[in-house]
Amino acid sequence: MGRRRLAVAAAGVMLLTATASMPLGTRALPLIVQIAYEIEQRGIPYAWGGGHAPRPGPSNGTCRGYKGRIKPCPAARTRGLDCSGFARWVYALAHGKDVLGPGNTNDHVRRTRRVKASPMPGDLVFFGKITKKSVKTHHVGIYLGGGKMMNAPETGAVVRIDDIARLKDFAGYYRL
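Numbering-wise (the numbering used here), the sequence shown opens with residue 2 and increments by one.
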């Protein structure tokens, strides 16, 4: 009986530690948002192409297609996440499997459905241009509510909270 009590106490301490870094009130938020806050606390850097290894999560990025402001491209030597790699990892942790799958923001839009009214925390926020005939997105974040999103924004930054209005080409909210 002593070992069982010790195991239960250890599990309780782990849960308290895991949730202590989240802002007050997030325990009532969807699991997707709770996980996003936990990842934000880790200070994971942006890496162009990061998060697209066979399994979701931080990985070295790639310099193929890189057009960032920091030269030379730091992605291949940076273990981190790009915006779609971040969304992929959060959703995989929340759903217990890789539900968004590999690919970029265009691929992820195609695996979700548009939310026309009442976006909810945990929905995906896409930027770019989406029409019935084409999908040309360049950024995705996780909607937190109140006009805010969690995202991996750009080279030189870490996963963070930004205003959705920071980017001018909002394309819509999407949900699995």
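No lab work stands behind these hints, which were simulated from the structure alone.
A few of these clues could be false.
Simulated pairs of lysine to any residue, SDA-like, Cα-Cα distance not exceeding 20 Å [as the list claims (entries may be wrong)]:
hint, residue 1, residue 2
1, LYS72, LYS98
2, LYS137, ARG114
3, LYS149, SER135
4, LYS149, ASP163
5, LYS117, GLY129
Each hint, compared with the structure:
1. LYS72 to LYS98: Since the Cα atoms of LYS72 and LYS98 sit roughly 35 Å apart, the hinted pair is violated (cutoff 20 Å).
2. LYS137 to ARG114: Answer holds: LYS137 to ARG114 is near 16 Å, not above 20 Å.
3. LYS149 to SER135: Judged against 20 Å, a Cα distance of about 26 Å means the pair is violated.
4. LYS149 to ASP163: Since the Cα atoms of LYS149 and ASP163 sit roughly 6 Å apart, the hinted pair holds (cutoff 20 Å).
5. LYS117 to GLY129: holds (17 Å)
Hints 1 and 3 from the list above are not met by this structure, while the remaining hints are.
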